[in-house]
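Trainee: Chains as they are written, first to last, in my numbering: chain P, -1 to 161; chain B, 326 to 1110.
No lab work stands behind these hints, which were simulated from the structure alone.
Hints are not guaranteed to be accurate.
Claimed, not checked - Listed below are several chain P residues computed to face chain B (Cβ distance under 8 Å; list not exhaustive):
id: 1; residue: Cys44
id: 2; residue: Pro81
id: 3; residue: Asn122
Said to hold, decoys possible - Once the Cα atoms are required to be at most 16 Å apart in a straight line, the calculated EDC-like pairs of lysine to aspartate or glutamate come out as:
id: 4; chain 1: B; residue 1: Lys340; chain 2: P; residue 2: Glu96
id: 5; chain 1: B; residue 1: Lys335; chain 2: P; residue 2: Glu96
id: 6; chain 1: B; residue 1: Lys903; chain 2: B; residue 2: Asp880
What the hints assert, rightly or not - Per the computed footprint, the stretches of chain B lying under chain P, defined by three or more beta-carbons under 8 Å from a beta-carbon of chain P, are:
id: 7; segment: 551 to 557
id: 8; segment: 735 to 749
id: 9; segment: 817 to 826
id: 10; segment: 993 to 1002
Just so it is clear, the structure is predicted and the values come from calculations on it, not from any experiment.
Ideal placement from N, C-alpha and C gives every residue a C-beta, glycine not left out.
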Amino acid sequence: MGVEIGVQVNGKTCQNEIEPRMLLVHYLRDVLGLTGTHIGCETTLCGACTVLVDGRAVKSCTMLAVQADGSEITTIEGLAAAPEAAGGLHPVQEGFWEKHGLQCGYCTPGMILTAVQLLHDNPNPTRAEIRRALAGNLCRCTGYQHIVEAVEYAAKKLRARKR
Amino acid sequence: MATATRYVGKPLKRKEDPRLIQGAAHYVDDIELHGALHLGIVRSPYAHARIRSIDTARARNAPGVLAVLTAEDVRAIGPIPCAAQIPDLKPAPRLVLATDTARFVGEGVAAVVAADRYRLRDALDLVEVDYEALPAVVDPEKALRKDSPRVHAGLADNVAYRWELEGGDLKKAFRQADRIVKLRITNQRLIPMAMEPRAVLARFEPGEDRLTLWSSSQIPHILRTQIAAMLKFPETGVYVIVPEVGGGFGSKLNVYPEEALACHLAMKLGKPVRWTETRRENFLCTIHGRDQIAEMEFAVKRDGALLGLRARILADLGAYYQLLTPLIPTLTGLMIGGCYRIPSLRVEITGVLTNKMATDAYRGAGRPEATYFIERSMDYLAAELKKDPVELRRKNMPLPKEFPYATATGLIYDTANYQGALDLALKKVAYKKLRRDQAALRKKGRWIGIGLSSYVEICALGPSSAMPAGGWESATVRIEPTGRVRVLTGSSPHGQGEETSFAQIAADFIGVSPDDVTVVHGDTSAVPYGIGTFGSRTLAVGGTAIYHCLEKLRDKLLKIAGHLLQDDPVKLELRDKKIFLKRDPKKSIALGEVIGAAYTAKTLPAGVAPGLEATDFYEPSNFTFPFGTHVAVVEVDPETGGTKLLKYVAVDDCGKVVNPLLVEGQVQGGIAQSIGQVFLEEAVFDEQGQLLTGELMDYAVPRAADIPWIESFRTVTPTPVNPLGAKGVGEAGTIGATPALVNAVVDALAHLGVRHLDMPLKNERVWKAIREASAPAAGKGKRSK
């Protein structure tokens, strides 16, 4: 009943036999032990489980692990290895720390990865664009304002690096 | 603070963040234990049903299933605890699994344990329960009728309790009044919706007779004591560990069936057992908040002076009592008079049982309701008396010199400058200009509304005499031989940032950097017995216990240093890891040397014991009473009833601030939850007691784009209650903001004669109000309601 899948997770090749119905988030958390990806709703509504699949932000609670076969996945644990991080924290991670963009931290990994995709697509977003881009990620603690500032901080830093 | 404050008052980045932003933190469900089994609960789909029979055979025989339990099997486990002490409270005990009757949708009727979560999910569907549906009690007002079905057949009716509070001469007030103004206001039921659903992991080690429970909780010690009592297991063998918690807001200030069930099953099966709540379960069977209806009746003079208030509050408690369920509405009663001089007052609370999940503490816990009721009323009164809402408020606010101020409800408000916060808020919104702009725009067909709320809250809960399970807090501070400072707090912060603010306080006292300080919390075997985190108490009460420990340690360090330097300790100062003579800083000794002396104990002065550890159990002498004024500016679309929040200014006074960044975060987050309550959120039940807003698709938690830019300011009025001067800020946003927002929407429709609207103000509700008020029906004219 198992199915073989092969994925690149945070730059590492992972080969596993899994149940076809296994969700990607359970694969990451239970099989690979990458518990930085959180589960908040199991219904694609809260965004806590967001990871990057081939560079795109995906809610891993409603994607089957088998659908990720052959893809490259980045979770929060692997973000600091991105070239933008330049050996330290990724600028988006840095922004969240600098601007107090998190309180309980549960939504944070998903929020950060969604912001990474936003800044990839739109390096200089307005506040309204940031808020719109984060519409699929819920936060109950911060009221979002510091998150918006965190993303602005990261955008500025990323633009400066590209110059 | 006695020492110079290098770190206290500064917006330091949080010490807890590096692990959280890199996915390296551990919430309960991230903790791996070898061979852990998965627990799931079969839940009643009926709000009220007799359980005729439960057939567990198919589930029991399903692959990977290790156990299926029903109420029969867990008779030995004690009921869910309720700590509230209310006179003549009717008994409504809840067992960890329903025995013969299920009383709300989501109540557990069977427990299944399987080897993994997928096998568990399959097996849950195989438990067959034969229910006989019974009529459900849903509407709290109908629940009071003589012919209503009863939630508990053994009780005469659905009234859980009646509670009264009276102060001053109310009869006289109503006799002397020029006007009597009545208003009925509801504060709808909400779902707390912390981002991390509840999670539990239990392990039993029979050799050591040790039961370890990891739980996403706000009260590790109370949980430990209660679990020991429920399972009749020696408390000395119970270890509760609260790791990272993904938000609580009161919803994890409780003891839930799954915590006891997981422990029971871990002991029974000899393997670790984990339970992880689904979001659907979180909506159904983690506590709800608010759900009160108030009838406010004011005796007022023509000039706006308040003489008396009679408030009748109906509180929907749900089917059973969780830890504090019946207590919460009494907090509403205590604070119903708000920040005003109301010489006489009477509050009558009726707690009613219904076939719903219990209500309990949700961010603010009774105080947002009180503030909403009084502040909504103030705008209503202003409209009735044709006064400016600012002036009506100002007229009735006690002056700063009147503090400490005794309220008619028997509280002593510590310190305040209500006028100061009000004036600053008005200045920040340019109130007079705003009113002129509003009038000008109205002529152009644009409906702008300005809403105010001046609030006072009761925080730093609190003196033990007024708290069900004690209101003190504990701390131990230890300076380790290497010079690292370990702060162990009995409180259990989860996101508020006390790992940072406590470190700031410690760093100032000991003359080290916050980086040298580690704050430990949540592990009952590591920290002294404590109360927990709720009621904006962690810094004001928990922080004060730490403060006292630090005082003792600093004195001891100075005493030892004085001995080593052969000088009087009172002439010494401790800073930058050095202890030096105040008048001659060159004469100094390194902190490390003094710490070393304390541990090697060879050169200690007479009467000074070795070691550097201090413990304190701090009992606050009073609550604290933070306050502030919020102003909201809203535009209403005349065509659609749509509302747009144009501006939000918050002025909060939480006393002295240890870390302004954290305060801002608390304020903004709280206001966002209020925006949720005012415009989006409502737990809606149908007549059968089904929760129609039972998941995130239907229950609209605010998203980033729903929240405007919040302009946050502070005034600083320290409290004399604790040496930090801090009052607490965790709930200010949910307490101060709802009335400002609703008042703004009502104000936008004032020209139509609209005087009141109940939350949530969805477009449809506002649109209907516009339609009704604008209808040219004969004799209707402008409505006063």
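Trainee: The structure should be examined with respect to each hint, and the outcome stated for every one.
Mentor: Going down the list of hints, with the structure as the test:
1. Cys44: Hint on Cys44(P): holds, closest Cβ of chain B at ~6 Å, below 8 Å.
2. Pro81: 17 Å, violated
3. Asn122: Hint violated; Asn122(P) Cβ to chain B Cβ min 18 Å, cut 8 Å.
4. Lys340(B) / Glu96(P): 11 Å, holds
5. Lys335(B) / Glu96(P): Roughly 14 Å separates the two Cα atoms, so the pair holds.
6. Lys903(B) / Asp880(B): Distance of about 14 Å is within 16 Å: holds.
7. 551 to 557: violated (count 0)
8. 735 to 749: Violated, because only 0 residues of the segment 735 to 749 of chain B bring their Cβ atoms closer than 8 Å to Cβ atoms of chain P.
9. 817 to 826: Contact hint for the segment 817 to 826 of chain B vs chain P: holds, 4 residues under 8 Å.
10. 993 to 1002: holds (count 6)
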